[in-house]
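Asks: Using the sequences and the hints, build the whole thing.
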Amino acid sequence: MGERIKLTASDGFSLNAYRAVPEGKMRGGVVVIQEVWGLNNFVRGVVDRFAHHGYLAVAPAMFDRVEFGYESDNYGQEQFAIIGELMKKFSHDSAPLDIDAAIKAAAEGGKVGITGYCFGGRTTWVTASRGAGLSAASGYYGGGVLGYIDLEPKVPTEMHFGDKDTGIPLEQVQQLKARYPKADIYTYDGPHGFCNADRPDHFNEASCKKASVRTLEFFHKHLA
Amino acid sequence: MLAVMLADAYADRLFGAQDTSDDILEFRAGLAVRSEALARVFALVRGELTLVTEAVEVPISDYGTLRVEDFMVSLYNNHSVQRVRIVLPDGARLLAHPVVAEAIGFLRAA
Chain A
91 MGERIKLTAS DGFSLNAYRA VPEGKMRGGV VVIQEVWGLN NFVRGVVDRF AHHGYLAVAP
151 AMFDRVEFGY ESDNYGQEQF AIIGELMKKF SHDSAPLDID AAIKAAAEGG KVGITGYCFG
211 GRTTWVTASR GAGLSAASGY YGGGVLGYID LEPKVPTEMH FGDKDTGIPL EQVQQLKARY
271 PKADIYTYDG PHGFCNADRP DHFNEASCKK ASVRTLEFFH KHLA
Chain B
5 MLAVMLADAY ADRLFGAQDT SDDILEFRAG LAVRSEALAR VFALVRGELT LVTEAVEVPI
65 SDYGTLRVED FMVSLYNNHS VQRVRIVLPD GARLLAHPVV AEAIGFLRAA
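Chains as they are written, first to last, in our numbering: chain A, 91 to 314; chain B, 5 to 114.
No lab work stands behind these hints: they were computed from the structure. Any given hint could be a false lead.
Selected chain B positions facing chain A (Cβ under 8 Å, derived; list incomplete) [to be verified]:
id, residue
1, F46
2, L53
3, V60
4, S65
5, E73
6, M76
7, V77
8, H83
9, V88
10, F110
Quick reminder that beta carbons are idealized off the backbone N, C-alpha and C, glycines included.
Replies: So this is what it looks like as structure tokens:
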């Protein structure tokens with residue numbers, strides 16, 4: 091359904107992206123931020139799904155400045171060292187430029203919301219704290235909560251966490267909830283990655299469906 | 005620490021099950037001589053060594069050995085994970101789990 095495209099950031103850097111355009115009237119735009127595995131099958135599927143629901147969806151390749159074109163459908167331990175190295179080199183200073191380029195591209199569909207999973211969930215919150223021309227943010231199991239808890243979202247924001255996520259202690263989720271009572275912070279039955287159908291050992295279909303419907307309703311409300 | 009204390013108590017149980025020594029301290033000292041790991045377990049229970057939980061940086065070369073949970077944690081916490089370590093008298097650190105596992109393995113074979 092979607093297609094691979096190139097985006098140009100404001101500093102001239104050209105990065106990969108995946109975009110899907112809905113048929114018929116557009117409800118708005120959605121930026122989808124990847125997990126640490128790049129623009130893989132799962133992320134492209136999410137982009138396609140948003141297009142199916144009427145959104146012009148764009149996913150920027152967040153690691154392109156570190157390793158151009160990195161993506162993996164292999165979730166095994168053999169990827170950990172590669173991703174660890176990518177994350178070490180990853181610049182949080184230049185990342186907003188790539189996200190802003192994706193927001194600009196998605197804005198052709200109307201008001202823009204941002205969503206993302208894992209690394210993308212964290213990035214969703216961080217970007218919401220910049221405002222960045224967004225109208226809503228809906229992030230999934232963004233790791234390292236204490237690293238972003240001081241960043242107050244400037245747009246309506248919701249977050250979805252798994253109650254069996256051993257990488258994100260529920261105490262931290264509760265802290266986030268207490269700190270931002272206006273943000274909708276939900277917990278679901280499931281581990282980290284409960285919304286990734288490509289990882290059967292993590293996927294919880296019922297929880298993912300519930301969270302995904304919430305995201306759609308959230309975007310319908312704020313991007314209309 | 006519970007595992008440490010259980011391992012320590014198991015040494016006493018071994019003493020009760022043998023008939024070559026009638027001095028429990030001597031028996032335990034003999035075990036400690038044969039297993040440095042068990043000696044450290046005993047020292048932990050005596051309070052001569054301590055356990056701490058602290059952030060430990062993971063070298064990239066070790067990423068392939070991480071459990072997925074630790075992998076995720078490390079990515080968002082400056083490439084470090086929480087580890088339980090034994091603080092030696094000179095301040096040096098030892099990962100606690102391998103030491104306790106080695107001590108338990110020794111006791112099971114004794």
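Asks: Could you run down the list of hints and mark each one as holding or not?
Replies: Verification of the supplied hints:
{"no.": "1", "hint": "F46", "verdict": "violated (32 Å)"}
{"no.": "2", "hint": "L53", "verdict": "violated (28 Å)"}
{"no.": "3", "hint": "V60", "verdict": "violated (14 Å)"}
{"no.": "4", "hint": "S65", "verdict": "holds (7 Å)"}
{"no.": "5", "hint": "E73", "verdict": "holds (4 Å)"}
{"no.": "6", "hint": "M76", "verdict": "holds (4 Å)"}
{"no.": "7", "hint": "V77", "verdict": "holds (5 Å)"}
{"no.": "8", "hint": "H83", "verdict": "holds (6 Å)"}
{"no.": "9", "hint": "V88", "verdict": "violated (16 Å)"}
{"no.": "10", "hint": "F110", "verdict": "violated (30 Å)"}
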